[in-house]
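Peer 1: Chain B: place on chain A using the hints.
As you go down the protein sequences, you meet chains A and B in turn.
Start counting the first sequence at 413; every next residue gets the next number (the numbering used here).
Start counting the second sequence at 413; every next residue gets the next number (the numbering used here).
Heads up, none of these hints are tricks.
No copy labels: a pair is met if it fits in one copy or bridges any two.
Computed cross-link-like contacts, DSSO-like style, restricted to lysine-lysine with a CA-CA straight-line distance of at most 30 Å:
id, residue 1, residue 2
1, 418, 790
2, 532, 730
3, 803, 532
4, 753, 790
5, 603, 649
6, 799, 425
7, 559, 651
8, 784, 753
9, 425, 803
10, 450, 803
11, 539, 753
12, 790, 454
13, 425, 489
14, 803, 790
15, 425, 496
16, 790, 450
17, 418, 803
18, 799, 753
19, 498, 753
20, 753, 489
21, 603, 673
22, 604, 673
23, 496, 753
24, 427, 799
25, 784, 559
26, 500, 753
27, 427, 803
28, 803, 753
By construction, these hints were calculated from the structure, which means they are not laboratory data.
Protein chains: 2
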Amino acid sequence: MSILIKEVLLNNKRKDIYIEDNSFTEISDNIKCKAEYKIDGKNKAILPSFFNCHTHAAMSLLKGYADDLPLQDWLSKVWPVEEKFKEKGVYLGTKLAILEMIKSGTTFFNDMYWHLDSAKKAIDEMKVRACFASVFIDGLPIPKLPKDSELIKFAYGPHAIYTVNKENLIKIKELAEKNNRPIHIHLSETKKEVDDCFKKHKKRPVEYLNSFNFLNKNVFAAHGVWFDDKEIEILAKTKTNVIYNPVSNAKLASGILNFQKLNNVNVLLGTDGSASNNNLNMFEEMKFAALLQKANNLNPTLLPANQIHNIATEQAAKTFNINAGKIKEGKLADFILVDLKNISLFPNHNLISNLVYSANPECIMHTVCNGKILMNNKIIEEEEEIKEQAKTFINTLF
Amino acid sequence: MSILIKEVLLNNKRKDIYIEDNSFTEISDNIKCKAEYKIDGKNKAILPSFFNCHTHAAMSLLKGYADDLPLQDWLSKVWPVEEKFKEKGVYLGTKLAILEMIKSGTTFFNDMYWHLDSAKKAIDEMKVRACFASVFIDGLPIPKLPKDSELIKFAYGPHAIYTVNKENLIKIKELAEKNNRPIHIHLSETKKEVDDCFKKHKKRPVEYLNSFNFLNKNVFAAHGVWFDDKEIEILAKTKTNVIYNPVSNAKLASGILNFQKLNNVNVLLGTDGSASNNNLNMFEEMKFAALLQKANNLNPTLLPANQIHNIATEQAAKTFNINAGKIKEGKLADFILVDLKNISLFPNHNLISNLVYSANPECIMHTVCNGKILMNNKIIEEEEEIKEQAKTFINTLF
Chain A
413 MSILIKEVLL NNKRKDIYIE DNSFTEISDN IKCKAEYKID GKNKAILPSF FNCHTHAAMS
473 LLKGYADDLP LQDWLSKVWP VEEKFKEKGV YLGTKLAILE MIKSGTTFFN DMYWHLDSAK
533 KAIDEMKVRA CFASVFIDGL PIPKLPKDSE LIKFAYGPHA IYTVNKENLI KIKELAEKNN
593 RPIHIHLSET KKEVDDCFKK HKKRPVEYLN SFNFLNKNVF AAHGVWFDDK EIEILAKTKT
653 NVIYNPVSNA KLASGILNFQ KLNNVNVLLG TDGSASNNNL NMFEEMKFAA LLQKANNLNP
713 TLLPANQIHN IATEQAAKTF NINAGKIKEG KLADFILVDL KNISLFPNHN LISNLVYSAN
773 PECIMHTVCN GKILMNNKII EEEEEIKEQA KTFINTLF
Chain B
413 MSILIKEVLL NNKRKDIYIE DNSFTEISDN IKCKAEYKID GKNKAILPSF FNCHTHAAMS
473 LLKGYADDLP LQDWLSKVWP VEEKFKEKGV YLGTKLAILE MIKSGTTFFN DMYWHLDSAK
533 KAIDEMKVRA CFASVFIDGL PIPKLPKDSE LIKFAYGPHA IYTVNKENLI KIKELAEKNN
593 RPIHIHLSET KKEVDDCFKK HKKRPVEYLN SFNFLNKNVF AAHGVWFDDK EIEILAKTKT
653 NVIYNPVSNA KLASGILNFQ KLNNVNVLLG TDGSASNNNL NMFEEMKFAA LLQKANNLNP
713 TLLPANQIHN IATEQAAKTF NINAGKIKEG KLADFILVDL KNISLFPNHN LISNLVYSAN
773 PECIMHTVCN GKILMNNKII EEEEEIKEQA KTFINTLF
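The following block holds chain A by itself, in its conformation from the complex (with noise of 0.2 Å):
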């Protein structure tokens, strides 16, 4: 496929951009070649599209089903229904979460679910990327996890250090160690984890994952709302990825991480499944995080605009190891086109600063993944009939 897109605004230029096969092939004043697709970039931006570093897609069949609750009725009341996805289920709500990511402007994700095969078929279909965590519990054999393809990472999931004992971690540990895969866990969620943590084992989260050399470069630690001075220094030491989930960790009120005290640790942005969130809106999701630490630590310039933005991009991009992330020649072509005409992007003072604060999914027009077209001008061909299926599925739930 080749695109050709005229006089888009990039950094505060108009530029004509030239996709071929999956990449950006030729950014410049003017070009003039024959494309398959020619986009009229006339009012309209080009960015990076996102990355949300922590998901649980097929949860979205559940969008709604349980608010409002304490943790454990909330999972009374979710595992029942979740455990009835089974294949199909995980197949059409992975769909229905992809098609709300297009929607809203992302194109990878880092997921942890069951059922990676039906995971695996989902995500090929609607051809974004994505890094898959195949969740394991004790009691249940250690997935086998099948080759990376062009577009999916798979991971280990070890759910959490409470649902995993210290034999299986290590032995999923020394897996991924030998097969050089990343691991993808829930950790320092909620204050109860950290005090049934320090209860058993007499140390608290991180340092006990440190105690059997668990940590390293390749493990992705979603929430880490918990964390206190000595777990963040094994952290940042051990190079461990932690994923920060703001609106889900306030709206399951486990509590708020501070990012400032993280800052030689490398965090990315989740939004969680939508079971917790409610949605999979990234733009939502940056402004929650830049928000809560202002609010949190009364102090207005953290985590300003562009520096949120760059976690759910570029950055992103380098820590999965993906060319993607910025609009440039030679990276893969991963984007979003604007509506500079949407009223949450009007006027355009700064344009990071609106995306960040003031953006909604309606102002984006297209987003392309690896150099192919997924929303055009707004349409998702496939929309109707994924929400269909879905919808025919979630009533035999019931």
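Peer 2: This is chain B only, laid out in the frame that chain A set:
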């Protein structure tokens, strides 16, 4: 104007709804009559439109102009430009803000700003409801307020206790009582305001105002981040209204209002101006409002979806003595129609939960105020003209 909406979802049931002149005339299972406008309600739900209870509408011209700055730097960047607004800027900025409100489902706003006549012209032309408070600070004449019109109430707007002295506050209070006008004031927004007040008056802000009987049910106090228990008791006793601005208070790092403690006080919800939010999106404001309470108090049951939605609609309507905020025969026809097929409302396990925790303005198809269709199938006729004029004006500011 008459409108007939067929088979629309209202409180989980399909209904036909007939609107004549400015009110809901009939809501029943099958209405057969002629109407000037007929709307197919299939795949749509009808909901009350939002009441945004603290705004500075004209500041929409400065969206994204100054972010991530300490308050003093923010003020010194924003004020000099704001001064150049004059009548024309206020007229165009207010229209731009109302455009955004209509697109995001708001049909009433409680504003405080300069140049009443220009704001009035903008509100009249856009056909929404408002309560407009004419700002007062020491050294200027106390504004003379015009008669209320069908859609607009006028209020006194003493800016704050640090910009208006006691003598003038008393004068305004007496005028407001005499003329039965609301008073809109900023109160207890920052810790500095409280500390300065205590230094100067040996009282906290609410105690200070109460010492000369300023507070009553016609007073609308915006922000209220720093009230202590004694102040909250006074607010409850005097029936003073408080407006919670979670996004602005977080963005400027003023702090987080404690909703739970205000449970005997009438608390409404507002976005503040677009220079400190940076949008007028009440979906987002409801979500922030609820989530900040949960996160800040580590309790996921606080401020549930139904309650914050009620605050943003029915409770606000009641407070401002407007017979709207609910879809019911005899009520004023102020409402939105949302697209249930929009991904943010899908699946529909719980519509109010979806509205609060997942929705964004893209889901709104029609916005109606006082029986007049302001947005019809996403189209607002004046939109391009308003944005063009605003753009031309903004270029003259810099």
